[in-house]
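Colleague: Letter by letter, the chains look like this.
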Amino acid sequence: MPPMHPVVPMVLAAALLPLLPAVLRRIACVAAPVLSLSIIATAAAGNSWSFDFIGQQITLMRCDPLSRVFGLVFAVAAIAASLYGWHRRRLSEQIPALVYAGGGMSVVFAGDLLSLLIAWEAMAVSSALLVFAGRKPAAVAAGFRYLLIHLAAGGLMLIAITGLISAGHGLAFDHFTSDGWPAFTFLCALCINAAVPPLHGWLPDAYPASTVSGSVFLSTFTTKAAVYCLVRGFAGNEALIWFGAVMAVYGVVFATLEDDMRRLLSYHIVSQVGYMVCGVGIGTALALNGAVAHAVCHILYKSLLFMAVGAVIYSTGRNRLSELGGLYSRMPLTLIFYMIGVLSISGAPLLNGFVSKSLIVSGAGDASYAGAAFLLTLASVGTFLSVGLKLPYFAWGPTGRGRGDDGGAGEDLARAGEPPLHMLAAMAIPAALCVVIGLVPELLYRFLPNQPVAYQPYSAHHVFEMLLVMALGAAAFWQLRGKLTPHAGETLDLDQLYRRPAGWLANGVSVAFDRTADRLAGHFARGRDRLVDWTRDPTRLPGSFGDERDWFDENARRPPIGTGLSWMLATLALVAAALFFAS
Amino acid sequence: MTDRIAPRAWIGIALLVAAAAVFGRTEHPHTWWEKIPAYGALFGYLGTYALVFLAKSILAPRIRREGVSEE
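Which chain is which? The protein sequence lines are A and B, in order. For the first sequence, my numbering gives the first residue as 89, with consecutive numbering after it. For the second sequence, my numbering gives the first residue as 268, with consecutive numbering after it.
Extracted from the complex, chain B is given alone in its bound form (with noise of 0.2 Å):
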């Protein structure tokens, strides 16, 4: 279940996206995903979605006990 993004919000991911496109890389790139276009982006969103879905989804039932302890 997960919540919608506001179009406008959208529309200024996807002006840094030109952005960056535009701002060529100065740099050599390092790795093979640094050549992705835009791979910021990816790494941002699909790291998010990776983290939550490693804490919440498989750590969490195994590690996390509810309520508040009193040790």
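Chain A with its partners taken away, still in its complex shape (with noise of 0.2 Å):
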């Protein structure tokens, strides 16, 4: 009998929750995570749940070193988000973030291109989900472009296994070796999930649109899902080195605009996910482990900096940053979760995100590649400026709009308070795991593929000019501070080239639709009409109908009964003479 497979609590925990009372669905919830997280810790290294099918070898669960460390993450990420999310009571969103979660342990685990498939569709439906569960009419049309983006990349992906299985690489899904167009629609359509610009429109049009524990499981899985893939089947493909760097720059860049809260992580994301996406471009051993150890790490703090400010906004129902100031009177202990996770994604030492980011930009520098390394290093300035000063200064510093005049917060926020326990124990656990990797980065390094992992991130050199970026980077920010300001608005990406042609396309497509389908339904029902005439009397041909209601008289054809006998009568006179003469 094969092992368990990881994903199999929680599909089991998706389908019963209809049938559980509110409390034990709660319950379900984070138990099912924990139970695949257990599986996944005592899982042995090798194939199961294999089986052929056309011809095709299936493997459901491979559990390789890879996969595992991916797939502790997820574990971990989901119990976290989870126990944030205790508080939710409706099934459309307790439901999708369990199928999502197992989605995603799914994708990891997948042996070969076709459960893949199957499982990254089963992440995009059930995200787009997520999305939907904001209920709001801005939460709809976001979930519908998320949706059909990812539907997109899902097709992509289905022509690029067609294409792979036509040239005889079967349904093997490991490393690519040739260059060939389903290799580059793989790869595109992996490039569409782990938002690499210009295809990352969807993650800041959606992951804020969610519920705030919505956008906490939004944030962990669908990119890093994204990155496995590329690890697993692009190291070394050059292209991504500079995709990977220009799109560290750009997040930070366009999150320094940003006035809502979660765009602004969101915006992160597409940059932290562009030191991975660099790492994996690079392809040597030390920048491959880098990259899966800041997937790893970014999880971690991304998690605990989406927990925080869905604490802030569930606490005073407000996303915009023009709209608070003066929480840290209100909601410290928030504060603190959300500074180890700035902390840790800015690359301060003794948190773990100073461990992978140092991974990637030697691997980087070792590599040679001076100016990949310049980039990532710059848009580690840039995370510092705008996630670890500019968010929490004018949320919970004592000079956003929404101060009172004591520098505390305001009227309007004077009901703020600390989110409810179950969601501050929610962000003790990705906070103790960023503090515990930073301090004994050995820990993560036994799970990385790439072994043995010689590299220390720590000589007092180093430290000390992280330090320094840190410091001069603050300074700099307390001299611009007044440019900073937040303002209430919107910033146009890049997913503007597309949606209004798109929204045009679509509202063409729908008008032509409209017409013809109108011009079908009139045709349709003149002919019914006919037929209906023509059953009722045969002898007005078609064409020469007026209005039938008017002319139609049942009696108008039917001759006197009289003259019907007399017919009959001749008849059989007729037939009675011809049978006398004939015999």
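To be clear, the hints were calculated from the coordinates, so they are not data collected in a lab. Computed from a prediction, not measured in an experiment: that's the story for all the values here. Built from N, CA and C at the ideal position, the CB exists for glycine as well. Check each hint, because a few of them may be wrong.
To be verified - Beta-carbon label-pair distances, calculated as ranges:
#	chain 1	residue 1	chain 2	residue 2	range
1	B	A281	A	G591	49 to 59 Å
2	A	A513	B	A281	38 to 48 Å
3	B	S324	A	Y586	26 to 36 Å
4	A	Q144	B	S324	49 to 59 Å
5	A	Y586	B	R332	12 to 22 Å
6	B	L282	A	D454	26 to 36 Å
7	B	A281	A	A458	24 to 34 Å
8	A	G405	B	L321	29 to 39 Å
9	A	V620	B	R332	55 to 65 Å
10	B	L321	A	D267	32 to 42 Å
11	A	L239	B	L321	32 to 42 Å
12	A	L100	B	K302	53 to 63 Å
Got two chains here, each in a separate frame; can you build the complex from them with the hints?
Modeller: In structure tokens:
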């Protein structure tokens, strides 16, 4: 009997949720990923859940160091996110969250392209439902855009898989050695999910539209599953180096402009995934370990940041920096958790981001990609600027517009306070892991795919250089903070380039469809009426109809009874005469 | 228009620069700018100015619409 697949508890829980009372549903949402975590932690290396299908080998569970480390961090993130969303009551959010997390795990354990595609689509649909769970009109619109983009990515993946099978590659999901169009198409599908510009617009569009707990789930799985696939299939693809380095800077520049807190964090996902994509493109053992380590660390601190910002939104009902301020006295614990996340993402020493970023930047330097290393370091500065300084300064600091006269929370925010205990407990999980990995990097190293890992991030010089980057960044922020004051508004991104033409196209198709449907319906109605008239009065041939309801008289063509009898008697007489003469 | 930084903050920064100089590099520099003394300070300070300039002075007037949008 094969070992249990880690997705089974998630799927079972999702299937049983409608049958359970509210309290048990909450427990099931947390217990399922705990079970998955225990299964992944004890799973033996190798393939299982394999069978033949249309002459191809399907492997639902491939456990190797790469899939295990992603599976572990996915399960931990699912536990924390489920605990964070303990207050959720709606099945329409609980079930998609479990399916989404299960889909993410299915992707990283899929040993073939077909099961990868199915898991991919499960993720796409369930994550779109999480966006819809935001329920506001903007969430529904963003959810449809999100769904269209991700179904398009799934379609590209299907085309690529078909091409790979035709080319004799089979369904094995390993490093792609060929440069043909199927591999390129597959890479494009992955780049959509990894939010590589200019294909990234769906991310800052959809993630802020979900509920606060939905955003935590969304921040974890989709982009990192794509990074996993890039590591597995496209390590060493040089184009990814520059796409990754550029997207790292692109994300922080747009984050600097943002007023919406979750949109700001979403742009930072684009930026941080840029580090990973760059590491994958470099392709050396050090850089690949860095990409994987950064994915792990990023899942931890990014979910922590979304949780902390979600707690602010949950507590105040506001998501814009321009409407906040002075929360330091109202939400000090949330601020502490937020700062742990922020120092981690900024690469501060003693926290996990310092370790993983150093791995990638050193990998870029060692491989003589100085330009990429430069851009990644610049992105690190921008990360600290926008998410590390701007956001906490204007949300928690004593100067935001929502502050009162005493610098604390203003009257509108007077009822704001710490979030419920389950949210704080959920934040403690990734926060603790950020600190532990930062203090003891070897705990992370042992799970990385390329062993042994000899890299030592902590040298006095490196630590002080990083502190200098942050200290001088803070000094420059202090000087420029007037320019960075948030204003309500929206930022136009590259997605406008295809959203508007797509809107025109959709409207054009819709109008053409409506006109065609109207014409067809008119023809059908006229034909139906003619058929009815003809069956009522077959002597009226088509083309000679007037207004049928005026002229129709059921006795108009009916002869008198006497005439009918006369005709009948005459006919009988003729028949009798014919019979007489014939005999 | 920029805000002043308190003198004691500059003192702290100067101490960090000195510490970075005292604890010399133990690993091979990958790039030419890593050979600049206290390059982290330059990166942090000038990088922040460059990013704010790029975002607020170049991009914002072109791609930013003020006012909350209701989709």
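Colleague: Does each hint fit the structure? Answer for all of them.
Modeller: Hint check:
Checked against the hint of 49 to 59 Å, the C-beta distance between B/A281 and A/G591 comes to roughly 55 Å, which is consistent with it. At about 42 Å, the CB distance of A/A513 to B/A281 agrees with the hint of 38 to 48 Å. A hinted range of 26 to 36 Å for the beta carbons of B/S324 and A/Y586 is consistent with their spacing of about 27 Å. Hint check: A/Q144 to B/S324, Cβ distance near 56 Å, so the stated range 49 to 59 Å holds.
Taking the beta carbon of each, A/Y586 and B/R332 are about 19 Å apart, inside 12 to 22 Å as hinted. At roughly 31 Å, the beta-carbon separation of B/L282 and A/D454 lies within the given 26 to 36 Å, and the hint holds. Between B/A281 and A/A458 the Cβ separation comes to about 29 Å, which falls inside the hinted range of 24 to 34 Å. Between A/G405 and B/L321, the C-beta spacing of about 33 Å keeps the proposed range 29 to 39 Å intact.
A hinted range of 55 to 65 Å for the beta carbons of A/V620 and B/R332 is consistent with their spacing of about 58 Å. At about 35 Å, the CB distance of B/L321 to A/D267 agrees with the hint of 32 to 42 Å. At roughly 35 Å, the beta-carbon separation of A/L239 and B/L321 lies within the given 32 to 42 Å, and the hint holds. Evaluation of the 53 to 63 Å hint for A/L100 and B/K302 yields a pass: the beta carbon distance comes to about 58 Å.
Consistency with the previously given hints is maintained throughout, with no hint failing.
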